[in-house]
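There are 2 protein chains.
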Amino acid sequence: MFAKIKPLYEKLGNLSGIQLIVLFYLSAAIFSTVLLRMPFFHQEGMHVSWLDSFFTAVSAISVTGLTVFSTADTFNYAGYIALAFVLQFGGIGIMTLGTFVYILLGKKVGFRTRQLIQIDQNRNTLAGLVKLMVRILRTVLVIEFIGGIVLAIYFLSYFDSWQEAFMQGFFASISATTNAGFDITGASLVPFADDYYVQFINMLLLILGAIGFPVLLEVQELLWGRYKNLEWKYQFSLYTKVTTITFFILIIVGALGIYMFEYHHFLQGKAWHESLFYSLFQSVTTRNGGLATMDVSEFSTPTLLLLCALMFIGASPSSVGGGIRTTTFAIMMLAIFHYAKGHDTIKVFRREVDPDDVSRSFIVATTALMLCGGAITLLIWIEPLNNMALVFEAFSAFGTTGLSMGITPDLSIAGKLIIIVLMFIGRIGIFSFLFLLRGQDVKDRYHYPKEKMIIG
Amino acid sequence: MFAKIKPLYEKLGNLSGIQLIVLFYLSAAIFSTVLLRMPFFHQEGMHVSWLDSFFTAVSAISVTGLTVFSTADTFNYAGYIALAFVLQFGGIGIMTLGTFVYILLGKKVGFRTRQLIQIDQNRNTLAGLVKLMVRILRTVLVIEFIGGIVLAIYFLSYFDSWQEAFMQGFFASISATTNAGFDITGASLVPFADDYYVQFINMLLLILGAIGFPVLLEVQELLWGRYKNLEWKYQFSLYTKVTTITFFILIIVGALGIYMFEYHHFLQGKAWHESLFYSLFQSVTTRNGGLATMDVSEFSTPTLLLLCALMFIGASPSSVGGGIRTTTFAIMMLAIFHYAKGHDTIKVFRREVDPDDVSRSFIVATTALMLCGGAITLLIWIEPLNNMALVFEAFSAFGTTGLSMGITPDLSIAGKLIIIVLMFIGRIGIFSFLFLLRGQDVKDRYHYPKEKMIIG
Ligand SMILES: [K+]
Ligand SMILES: [K+]
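Those sequence lines, one after another, are chains A and B. Just so you know, the UniProt record's numbering puts 279 at position 279 of the first sequence, and the rest follows in order with no gaps. Just so you know, the UniProt record's numbering puts 315 at position 315 of the second sequence, and the rest follows in order with no gaps.
Calculated directly from the structure, the hints in this document are not laboratory data. One or more hints might be untrue.
Treat identical chains as interchangeable: a pair holds within one or across any two.
Unchecked claim - Once the Cα atoms are required to be at most 25 Å apart in a straight line, the calculated SDA-like pairs of lysine to any residue come out as: (1) Lys416 x Ser27; (2) Lys416 x Thr301; (3) Lys241 x Arg138; (4) Lys341 x Val421; (5) Lys241 x Asp356; (6) Lys416 x Gly406.
With the hints as constraints, model all of the structure from the sequences given.
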């Protein structure tokens, strides 16, 4: 038996880290497809096709939240729990869980595994990475547990039984923290459109999930240090500063944009606090929970385009979210600004941005946009559905946001496959997508003379 | 009197080259506004508002070709000639004409003027630039003259008088060579939808105008060298190779795309040669003449999106066209491809692309896209018109292409102003637009430590 396993193992060893990650995600998606199609998890009389099960599995593993059928009406309690596990698995990242399993089994985590983790979370230092992974998992579980308890207790007055309240509370907490956007209410957070408490808790969980693990860990370190030594001065990393500021600027810009565009439309005649919460929640959800307190197809086209842009940018890296990521966007904006000002280096917070990071950012964003543009053109070509709804669907899938104007179940087989591919690439990241084709880094050993060209 | 002029002159001297170019273009636009509004140039009973005249002037100076009124029905013969002069002025570039005037007046062309020309045409060597400019002008005039004669003689059978035939022929030749896209037929090239000879001549002129002056000059050098010495080996520049190949790839991809998307729509039931010419001509025209042999609003949405992308890319640099330019697009594609393959330098035709050019390309494209995206969102917000038509209009204006789904005259004042800004930025180039704010190149004298971030 070992004779057969060894060659496979060696073959795996030859694959690049990123190819292995893709393989892992694919396996997880296929496993989830089979799992979620088991009639044991369905309500009576419900039948789920293989394609729809695969769609749901990829949507869950990529924590997108797009659905081709009603989660609430199709799955039973056992199904909700199974789905929650898939979300957890996808959201925290297969690599994190993988490491955890390794440690649980008492195995020493090898260099190759740590290298895998590094690529998935894009960390540049290998040191202490294993410890880091454990802390990530612990942090997320603590957040989910507290969120679940807080929501469940509050839900006791909403639902008939405490079982239902706890199921709804914990599912909502997991769905929000992993930014999965799945719901078992049957209508996202629309039933809580006037319940600011539930919305506030959900926004908090969405933000904690999407702001990026490194940020959470640095804040933890800061608080822990302060607790032990009041004089302690903590230096946040450049990454944490840039990503967090970008994250909140995007939320504010999004909320203001929605407020402005919808002032004479959806928000017409609503009280200021209603307008505030509608604008704020729908802005936060593009960063990238995908829960909604309203039917987004009620928004006017300018708002929908704004949401598309926000979903495309997506969450912070090393978080549960997708999109091109906040850092990518921030670096591009900084590069354009500094270039226009005539500087030849990008300075921010008394640090310089690495030129490699600048080119990587632009490459990621450009590839992502061409991918979305191509997908949108194809979708409009083959689907007899509303064009804006298709544009919105594509950006939502790539950003793994999961907001929808309601056309997901109406997609053709080809349309569903396109959305599946977008969700998958959105989850593994453009970066990994680009690297898929290549095996090893190629160091250029020879050089040609440089020749300048005329641009723009 | 000199006492007053000198400070102004000194002030001009302090402006950066690009600011001066913008100033020149603005002055030219204002001058043309006044010129084209003179009743002397209008047919009887026609009244043109200041805004519409300004719109037409910017459209002509930027050789875009978008029109808020029928050129054929508004202007008289004198008006056509005046418009042709404005097109000529805009198309060849104010700098080229400026140099020419300098030489005609017997003045020595100073370093500053040559520097201006260098920026406008994006040439990297100052040497021989003045000679180059003269050759550019000569080349364009020769092309226009031959095109005009060929078309005028052919038009003798189309039109009642030889005056009309020659007016139509020369206006068409100037409009095509400068890629202006204005027409005095009243319906672009639709009357010639089944006349492949006229279409072929027009495509040839469009390509010669949009392929970039340096390419034409290098081809001229090659032919001249061959004529003098049969053994002569000529080495095309990297720029010429890259831009020309990209140029023709875009035309082929565009034609194939149109053919594919329209096979069951507009091209349904048409003969193969009709389909070929419809696809080919509409592909060439996005590169960026703006003439059309059909009403583009008859195209289906996927085709319109494809045309938007092609118009956004636009013509080759140092040509009469706009957009982000073919080289910008080519360098981005090369960068993505080489990056995915794991190379750290971009090698093409046994040369290496300058890393500065790579970042410049991405910065140009990203800024342009955000500009168009913002403009489109605003247009959709304020205009009660078809969304796809507004998207198309914005990309057409930025690419200075001039194709339209027919909504230009229906735009509100704000909408017209947005399109004017897009045409203007499209003409001066994103590059100049970004530099507008700054005075001098800032050399960074101090450095901070570099810190890597997590991306995408
Ligand atoms: K999501
Ligand atoms: K044009």
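Against the structure, the hints:
no.	hint	verdict
1	Lys416 x Ser27	within (19 Å within a copy, 54 Å between copies)
2	Lys416 x Thr301	both (24 Å within a copy, 20 Å between copies)
3	Lys241 x Arg138	within (23 Å within a copy, 57 Å between copies)
4	Lys341 x Val421	between (39 Å within a copy, 21 Å between copies)
5	Lys241 x Asp356	within (19 Å within a copy, 27 Å between copies)
6	Lys416 x Gly406	within (13 Å within a copy, 35 Å between copies)
In summary, the structure agrees with every hint in the numbered list given earlier.
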